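Peer 1: For reference, the chains in residue letters:
Number of protein chains: 2
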Amino acid sequence: MKDPAEMKKRCTRVAAILKTLAHPQRLFILCTLIRGEAAVGELQRECGASQSLISQHLTRMRREGIVQARRSGNFVRYRVADPKLSELIMNMERIFNE
Amino acid sequence: MKDPAEMKKRCTRVAAILKTLAHPQRLFILCTLIRGEAAVGELQRECGASQSLISQHLTRMRREGIVQARRSGNFVRYRVADPKLSELIMNMERIFNE
DNA sequence: TTCAAATATTATAATAATCTAATATACCTG
DNA sequence: CAGGTATATTAGATTATTATAATATTTGAA
Chain R
1 MKDPAEMKKR CTRVAAILKT LAHPQRLFIL CTLIRGEAAV GELQRECGAS QSLISQHLTR
61 MRREGIVQAR RSGNFVRYRV ADPKLSELIM NMERIFNE
Chain B
1 MKDPAEMKKR CTRVAAILKT LAHPQRLFIL CTLIRGEAAV GELQRECGAS QSLISQHLTR
61 MRREGIVQAR RSGNFVRYRV ADPKLSELIM NMERIFNE
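Just so you know, the sequences run in chain order R and B. Here our numbering is used: the first residue of the first sequence is 1, the next is one more, and so on. Here our numbering is used: the first residue of the second sequence is 1, the next is one more, and so on.
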C-alpha cells in the first residue's frame with residue numbers, strides 16, 4: 001500500500017478501468033445495471049443511443065471484465081461482472097449526490 | 001436519484017471527472033496528494049515523468065477543479081481541491097487493494 | 001540586475017476514442 | 001427453411017488525448 005512501484009502498477013490497472021467508466025453512456029449503463037440485469041434493448045431505450053453504439057459500449061465493457069452477458073432466448077441480458085465495481089459505482093453515487 | 005434525465009446529467013458530469021482521473025500518472029499523483037500537499041518537483045520525482053508532462057497533468061486537474069495550487073516561495077505546492085475526491089480515491093484504494 | 005532553479009505554456013506529431021452507417025450473426029416462430 | 005427481431009461486428013471519418021521538445025514565466029538569491 002506504500003511501495004511506489006506497486007502503487008504505479010495498481011494505478012495503471014485502475015486507470016484502465018476508470019477509462020472505461022469515463023463515458024456518460026457507459027456510466028449510465030452501469031448505474032442501471034447495478035440495480036439488476038437488463039437486456040440490450042432496454043439499455044438502448046433508457047440510454048437513448050443507437051443500437052450499434054450501445055452494443056459497442058457493452059462489448060468494450062465485456063472485454064474489460066466489467067460486465068457479463070448471458071443469452072436468454074432472443075435477448076442478451078447484461079449484468080455487472082464484479083461486485084467491486086458495483087461497490088465503486090454505489091460509492092460514486094453516494095459521493096456525488098449533491 | 002431515479003429520474004433518468006437527472007441521472008444522465010450526473011453521469012455526464014461524473015464521467016468528465018473520471019476521464020481526468022483515468023490516467024496512470026494522474027491517478028498516481030492524486031493517490032500521493034490525498035496524503036498531503038506536495039510540490040511539483042516531488043511529484044515529478046515520485047512519478048518519474050518529464051517536468052512538462054507533470055505540469056500538464058496538474059494544469060488539467062486544476063482546470064477541472066480536482067486539485068488546487070499555492071505558491072510557496074520558489075515552489076508550487078498542490079493539494080486535492082475537493083474532499084469528495086479524496087473520499088473517492090480512498091474508496092478506490094480500499095476496493096482495489098487485492 | 002542578473003542568474004539559476006522551479007514551474008508553466010505552446011506547438012506538434014503520434015496514437016486512441018468516438019460515432020455513424022452498413023453489414024453480419026443468432027435465435028425464434030410460422 | 002423463410003422472415004423477422006435482437007444483437008454484434010466492421011470500416012471509416014472525425015475528433016480528442018498523449019507525449020516530446022522547445023520556449024516562456026516566476027521567483028529567490030547573489
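There may be inaccurate statements among the hints.
Chain copies aren't distinguished; within one or between two, either way the pair holds.
Straight line, CA to CA, 16 angstroms or less: simulated EDC-like cross-link-like pairs of lysine to aspartate or glutamate [unchecked claim]:
1) 84 x 64
2) 84 x 98
3) 19 x 42
4) 2 x 93
5) 8 x 64
6) 9 x 37
7) 84 x 42
Keep in mind the hints are simulated off the structure, nothing from the lab. Since the model is a prediction, treat every value here as computed from it, not as a measurement.
Peer 1: Against each hint, give a clear statement of whether it holds in the structure.
Peer 2: Hint by hint, here is what the structure shows:
no. : hint    : result
1   : 84 x 64 : within (14 angstroms within a copy, 26 angstroms between copies)
2   : 84 x 98 : between (23 angstroms within a copy, 10 angstroms between copies)
3   : 19 x 42 : neither (24 angstroms within a copy, 26 angstroms between copies)
4   : 2 x 93  : between (28 angstroms within a copy, 11 angstroms between copies)
5   : 8 x 64  : neither (19 angstroms within a copy, 23 angstroms between copies)
6   : 9 x 37  : neither (32 angstroms within a copy, 22 angstroms between copies)
7   : 84 x 42 : neither (24 angstroms within a copy, 32 angstroms between copies)
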